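Novice: Sequence:
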Amino acid sequence: MAILGITLLAGAALAGGYFYRRGLDRRRLRFIRQLRLPPRVAQAVRERYPHLAEEQVQRVLHGLREYLLLCRLAGKRMVAMPSQVVDVAWHELILHTRLYQQVCRKGLGRFLHHTPAQAMRSPQQAQEGIQRAWKLACRREGIDPRNPGRLPLLFALDTELAIADGFRYALNCAPRQEGTTPVYCASHIGCSSAGCTSDSGSAFTSDGQDSRHGCGGDSGGDSGSGCGGGGCGGGGGD
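So in full-length UniProt numbering, spot 144 of the sequence shown is number 144, and the numbers just go up one at a time.
Think of the hints as simulated: they come from the structure by calculation, not from any bench.
Keep in mind that a hint or two might mislead.
[Said to hold, decoys possible] Here are the simulated distance ranges between beta carbons: (1) 101 / 147: 35 to 43 Å; (2) 162 / 102: 31 to 39 Å; (3) 23 / 53: 36 to 44 Å.
As the structure is a computational prediction, the values presented were derived from the model and not from experiment.
Ideal placement from N, C-alpha and C gives every residue a C-beta, glycine not left out.
All chains, please: the whole structure from these sequences, using the hints.
Specialist: See below:
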């Protein structure tokens, strides 16, 4: 009888923990989706890229919320930022320290550190971060990461909005003519280093040469990369 009572209590505790975590996750998801960003975030995007129409600026803000949702799914694992224009919005949000603290606590359950690509421990960390961003973004949008029919929002925005210093991704892995801007093969990003038939996230410049210059780059920095693009990363937690 005592054993039965203990079993029932343990089962109730497990069930209670499950429903608590599930409810907490839903609240965090709702907080990020309903997050009202300060007007200054949109203004920073307009100042950096004055050619953008208001509707396009709003897509960038939607992209920032989407990135936060990817970080929520990743837990404490680092997620690279696939979009240069969204990174500008993220930089500005961080400057609103009280709100950013709320975003981290109520939306993520941890502090989301902003790590420039140059400060990452190794090129492998940056590569893993962009692969994680790709897989999570594909999962959220119902895209096959190994055989994508389209690009997820965060990987499409810089090209869609004609961001001059942005990151370029393409479904077609043949060499592309994009001036001197590397174009990253999107489907290769989703492969592990052991599972790809060619180098993961190879990039091609206008002369068709494979471009590798480390991994990633902070805003306004070198975007050439053998790991498939991406700038700053968000991860870790206190």
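Novice: Now, for every hint given, state plainly whether the structure supports it.
Specialist: Against the structure, the hints:
no. : hint                  : verdict
1   : 101 / 147: 35 to 43 Å : holds, 40 Å
2   : 162 / 102: 31 to 39 Å : holds, 33 Å
3   : 23 / 53: 36 to 44 Å   : holds, 39 Å
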